[in-house]
Amino acid sequence: QKEVEQNSGPLSVPEGAIASLNCTYSDRVSQSFFWYRQYSGKSPELIMSIYSNGDKEDGRFTAQLNKASQYVSLLIRDSQPSDSATYLCASRVGGKLIFGQGTELSVKP
Amino acid sequence: GAGVSQSPSNKVTEKGKDVELRCDPISGHTALYWYRQRLGQGLEFLIYFQGNSAPDKSGLPSDRFSAERTGESVSTLTIQRTQQEDSAVYLCASSSSGEEQYFGPGTRLTVT
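Sequences listed follow chains A and B, in order.
In this text, residue positions in the first sequence follow my numbering: the first is 83, and each later residue adds one.
In this text, residue positions in the second sequence follow my numbering: the first is 18, and each later residue adds one.
Worth flagging that the hints you see were computed from the coordinates, not collected in a lab.
Please note that the accuracy of each hint is not assured.
[Stated by the list, open to error] Using C-beta positions, here's what the derived DEER-type ranges look like:
1) A:122 - B:44: 27 to 33 Å
2) B:70 - A:139: 31 to 37 Å
3) B:80 - A:137: 43 to 49 Å
4) B:79 - A:191: 44 to 50 Å
5) A:137 - B:95: 42 to 48 Å
6) B:80 - A:89: 35 to 41 Å
7) A:100 - B:80: 46 to 52 Å
8) B:87 - A:191: 25 to 31 Å
Values in this document were obtained by computation on a predicted structure and should not be read as measured data.
Just so it is clear, CB atoms sit at the ideal spot from N, CA and C, and this is done for glycine as well.
Work the whole structure out from these sequences, hints included.
The following block contains the structure:
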């Protein structure tokens, strides 16, 4: 069983809409959670971190964590074509990050 | 400030040869991590260094893989007797807190 699971997509949303990306994790020891954005051919770029239950907002991005349900999500408001990328969810177990396979997001103008 | 740097950016090698990949972390970051990303796949953890503690080598796929770090600076990942399945992008990350990790541009390794 994969430790971090994401829907591979592609997820397609129109420009200006809200994109909702979801992630589940299996290891209850997971302590911290991260969302990375990866453009094709580039390395992952950290966009959000979340450590406690609830919501965390940063600009157009909101991360949500529910440890009881072992569920993490990322909402992108007012989606732009430049948001088109693969979004990687990761959980920290000990010192290392365990990554999901990523969800490909396509924002159509 | 300067981010994580890696060299070379691309490496093509013949099967059976040894390769060395280099990572320069962000200055002052005590933790350094190596990951591998095969084409179309997620990132796989390989190894991490935290200060002067013994490295966590639990992700190294075989004894052909090894890594060293000099103090809190440069790290080198060595792959001996490369195989075609070693072809991937090798990513290095560093962290000041042990939480948020910042990635370098990666080294694309192709084994022919």
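Hints, verified against the model:
1. A:122 - B:44: 27 to 33 Å: holds, 29 Å
2. B:70 - A:139: 31 to 37 Å: For residue 70 of chain B and residue 139 of chain A the Cβ distance comes to about 35 Å; the hint holds.
3. B:80 - A:137: 43 to 49 Å: holds, 45 Å
4. B:79 - A:191: 44 to 50 Å: Check passed, 46 Å falls within 44 to 50 Å.
5. A:137 - B:95: 42 to 48 Å: The hint (42 to 48 Å, Cβ to Cβ) holds, given that residue 137 of chain A and residue 95 of chain B are roughly 44 Å apart.
6. B:80 - A:89: 35 to 41 Å: Once the Cβ atoms are compared, 36 Å apart, the range 35 to 41 Å for residue 89 of chain A and residue 80 of chain B holds.
7. A:100 - B:80: 46 to 52 Å: The hinted range 46 to 52 Å holds for residue 100 of chain A and residue 80 of chain B, with Cβ atoms some 48 Å apart.
8. B:87 - A:191: 25 to 31 Å: The hint (25 to 31 Å, Cβ to Cβ) is violated, given that residue 87 of chain B and residue 191 of chain A are roughly 49 Å apart.
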